[in-house]
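Engineer: Here the structure of chain A is known, so what remains is to put chain B in place on it, guided by the hints.
There are 2 protein chains.
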Amino acid sequence: MSKENKKLVEAITAQEVDFAQWYTDICLKAELVDYSSVKGCLILRPYGYAIWENIQRLLDAEFKKTGHENVAMPMFIPENLLKKEGDLVEGFAPECAWVTMGGGEKLEERLAVRPTSETLFCDHFAHVLHSWRDLPMKYNQWCSVVRWEKTTRPFLRSREFWWQEGHTIHETAEEAMDETLQQLNCYADFCEKQLMIPVVKGRKTDKEKFAGAEATFTIEAMMKDGKALQSGTSHYFGDIFSRAYDVTYAGRDNVLQYPFQTSWGVSTRLVGAIIMTHGDDSGLILPPAIAPYQVVVVPIAAHKPGVSEKAAEVAQRVANFARVKLDNSDNSPGWKFSQWEMKGVPVRLELGPKDIENNQCVLVRRDTREKVFVSLDELETAIPALLEQVAQGLYESALKNREARTWTANTWEEVKELAAANNGYIRTMWCGELACEEKMKEEVGLSSRCMPFGEEPFADVCPCCGKPAKKVVFWGKAY
Amino acid sequence: MSKENKKLVEAITAQEVDFAQWYTDICLKAELVDYSSVKGCLILRPYGYAIWENIQRLLDAEFKKTGHENVAMPMFIPENLLKKEGDLVEGFAPECAWVTMGGGEKLEERLAVRPTSETLFCDHFAHVLHSWRDLPMKYNQWCSVVRWEKTTRPFLRSREFWWQEGHTIHETAEEAMDETLQQLNCYADFCEKQLMIPVVKGRKTDKEKFAGAEATFTIEAMMKDGKALQSGTSHYFGDIFSRAYDVTYAGRDNVLQYPFQTSWGVSTRLVGAIIMTHGDDSGLILPPAIAPYQVVVVPIAAHKPGVSEKAAEVAQRVANFARVKLDNSDNSPGWKFSQWEMKGVPVRLELGPKDIENNQCVLVRRDTREKVFVSLDELETAIPALLEQVAQGLYESALKNREARTWTANTWEEVKELAAANNGYIRTMWCGELACEEKMKEEVGLSSRCMPFGEEPFADVCPCCGKPAKKVVFWGKAY
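Top to bottom, those sequences are chains A and B. At position 155 of the first sequence (counting the first as 1) the number is 155 in the numbering used here, and the numbers step up by one without a gap. At position 179 of the second sequence (counting the first as 1) the number is 179 in the numbering used here, and the numbers step up by one without a gap.
Calculated directly from the structure, the hints in this document are not laboratory data. A hint or two may mislead.
[What the hints assert, rightly or not] Straight-line distance between alpha carbons at most 25 Å, and here's what the computed DSS-like set of lysine-lysine pairs gives: (1) K83(A) <-> K39(B); (2) K310(A) <-> K65(B); (3) K325(B) <-> K64(A); (4) K106(A) <-> K150(B); (5) K138(B) <-> K65(A); (6) K138(A) <-> K325(B); (7) K64(A) <-> K29(B); (8) K65(A) <-> K467(B); (9) K106(A) <-> K83(B); (10) K106(A) <-> K39(B); (11) K39(A) <-> K83(B); (12) K106(B) <-> K150(A); (13) K138(A) <-> K29(B); (14) K106(B) <-> K106(A); (15) K84(A) <-> K39(B); (16) K39(A) <-> K84(B); (17) K29(A) <-> K39(B); (18) K65(B) <-> K325(A); (19) K29(B) <-> K39(A); (20) K64(B) <-> K29(A).
Quantities reported herein were computed from a predicted structural model and do not represent experimental measurements.
Next comes chain A alone, as it looks inside the complex (with noise of 0.2 Å):
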């Protein structure tokens, strides 16, 4: 390793020694964010917004596909609209941004920064809906969302970051439910086959639903260092809102009916659990479909006769079947390694003057720096077939790192042990009482992260009361 590359690979703090540090250099370094001069804002840099980019195109066409619209609500809520639902508005009330100033003049309302739009929705809703005709509508906005959060780390929890949220509104209470559990897997599905991020799929206790919801419903994430991240929500509201929005409709037997209602969101969070699901000490790794780069292409030797031009050839081939970026800057080929590698590129093509004579390139992966030679023939096979191959190894490292970190608790004293011992998910029966839920998090600093779907009573007993539970809960430490 040169002594250039040395230093820039030192410049990343390694996971065993501060994970947290680590996470930050690799924001920072790959160039993902830039702090700004707004307390706890984020700026996304080109490449963190490009992954970002990525994530919307996909995730986009998705909900298009099952009929979803998208549409843009104002960034502002007058108070009281946020106060018409009791729960929501206790839930976010207390970290909103308010604009009590307009135009020079002191406002008559102060109006919120939307934390979340449910209350513009409901409010639309019920200019819009007229009869069981017009259900059910499926709105979507891809949109930046503020709450004032008093500790923030990028991507992680900041005062304003960007999300898309769901809202849909439907005639039978069924139908809202189908939509709800619809979108968690869709959320699932994107996670596991596009980020190759192993998710739980479940639902949060009461303690942890969202504000003003009937159920919601979740997908954790497991980072390398054993902490869970929820990565996605999906809320089934009933009619909870409709009732104190008053969106109503005239039904089949008309007569006016509440509608059925739901949300559900993911957020540049994902950008994190992709650092901290895939990531390790040379940088970024990035799964294939969300790379702004899938292939980079670094020419060898790159001042001797034909090189520049065949890496050129050479990347515009590849540009027909993969996002590629060719660097024929003037850094050396060990800088540009090391700045992909950073970068999380999951493909290097190197090229050299013998590969050329030879016919042929090397393929190294990010995740396992395996190198191949490859013919130059085969790029068109070689290349999605290497892609796929990361990909599937992402997804295999993540899943056995999450297996490694899941224990089983039947008695408190093995919860005590397995929490002080490790991180990651510790399964357990539960009661559903509150109190043992807080008594998790008091004594041995776990959350529920949800009650995990097709996952089958494994004791009689929850290990906090000893009263009899039948259901199972997998808590951890979480971002």
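Structural biologist: Showing chain B alone in chain A's frame:
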């Protein structure tokens, strides 16, 4: 025309009766927007947002072709940051919305909701720019901004609106000026070739330029009523902002330099321009490039055997080369015709039992209402050709309107007479003095739209003051 159609059509005010009311009617009845509970803020409904999404998709691709990268900046600007450039703060502070409370506490420094983001970009550039090797930086963001307008109208002027803002920095003044004009041309081409709106390109007078810019360039479109709509602007800043925000880099000679800067933007105003350039008394007419549906398929006598199935089959074929909507609702064909005319779908495809017998369908242009019978074997060529004809037809009509409403005035008498008799462009020579520009505004109600590119002086004196004049100016009433 059936009774129900007539009712629908009557619901729109005729352009001749009240153009402003016609415009509002279209915005609401074509379901482009809804008013919100936030005074002066709009909701973009699915059909309106879909138009904006198409605009975004096409423009974003153009920006990327010329090497621009998307980023996301915070929506807030600390007051002190906003204040660093004197002209900018004078221009924008009076119409800012201010956040003064966050997380239940009064903020130490109030935050403006961004009215435009030059200040934030400069602040970021100052962080990330080090060397001439980092230049140019060519960034763009898609977002909404807030200006506390007193009177608002859908798309044309609202307190929050959606736009893109490009911000670039360059090593030399010449490169920055090239960028400024390149982006102006990008906007002009987009308007003329995709939105089918002819525009006049030119430079704004100092009175009308952007607060803080050295030069502002504009594209001006003319609406059906003869009023002008400023449809996009591109600004050259020189190093004014770089100096105010201390953005520097080590130049090729290793001496600290200030980069030269540009910004440029178009907004959801473009949707207003589309409505008022092309619409008629039956509703919207959408240029095919941005129409959410380019073709609507309406089955005739759909209850007759085979009609629904054939209509679905045809719609599926059309989906391979155009955005298509099959209207298989149980409304009457007449009602559907009116509804989709209102919504401006460029081409209607009618298909009834007789058509099926003859292996044909009827294609109807939205703009001219011409009907043609087309063999079902020729859809793949006939429909794209017809869409192209609609597009060209729209452009030609708009150009004709503009040409018919452009007059030249050589004397103050002529200016007064023309301004009293017509809405449109009045073309004069101008001495360059602010006093004459103000006289035009106060005495005849005209603002300078621009000093158009490529116009040769056609007289020697300014009609306002009689002094020597070298510049040609287009004047008009404007939205």
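Engineer: None of the hints should be skipped; say for each whether it holds.
Structural biologist: Now the hints, each set against the structure:
Taking the CA atoms of K83(A) and K39(B), the gap is near 18 Å; set against the 25 Å cutoff, the hint holds. Our distance criterion of 25 Å between C-alpha atoms is met by K310(A) and K65(B), whose separation comes to about 23 Å. With a CA separation close to 14 Å, the supplied pair K325(B) and K64(A) stays within the 25 Å bound. For the given pair, K106(A) sits about 14 Å from K150(B) by alpha-carbon distance, which is consistent with the 25 Å threshold.
Distance hint between K138(B) and K65(A) is unfulfilled; the C-alpha atoms sit about 34 Å from each other, more than 25 Å. For the hint linking K138(A) to K325(B), the alpha-carbon distance of about 18 Å falls within 25 Å, and the restraint holds. For a cut-off of 25 Å, the pair hint linking K64(A) to K29(B) stands: about 24 Å separates their Cα positions. Proposed proximity of K65(A) and K467(B) is contradicted: the alpha carbons are some 65 Å apart, above 25 Å.
With a C-alpha separation of about 20 Å, the suggested pairing of K106(A) with K83(B) holds against the 25 Å cut-off. The hinted pair formed by K106(A) and K39(B) meets the criterion: a straight-line CA distance of about 14 Å does not exceed 25 Å. A hinted pair counts as satisfied when its Cα atoms are at most 25 Å apart, and K39(A) with K83(B) qualifies at roughly 17 Å. About 14 Å separates the Cα atoms of K106(B) and K150(A), which keeps this hinted pair within 25 Å; it holds.
For the hint pairing K138(A) with K29(B), the CA-to-CA distance comes to about 20 Å; that is within 25 Å, so the pair holds. Pair hint K106(B) plus K106(A) holds up; C-alpha atoms about 15 Å apart against a cutoff of 25 Å. Taken as a hint, the K84(A) and K39(B) pair is honoured in the structure, with Cα atoms around 18 Å apart against an allowance of 25 Å. Only pairs whose Cα atoms come within 25 Å are accepted, and K39(A) paired with K84(B) is accepted, the gap being roughly 18 Å.
Under the criterion of a C-alpha separation no larger than 25 Å, the hint pairing K29(A) with K39(B) is inconsistent with the structure, at around 43 Å. For the suggested pair K65(B) and K325(A), the alpha carbons sit about 15 Å apart, so the restraint of at most 25 Å is met. Proposed proximity of K29(B) and K39(A) is contradicted: the alpha carbons are some 43 Å apart, above 25 Å. Distance check on the hinted pair: K64(B) and K29(A) sit about 24 Å apart at the alpha-carbon level, within 25 Å; holds.
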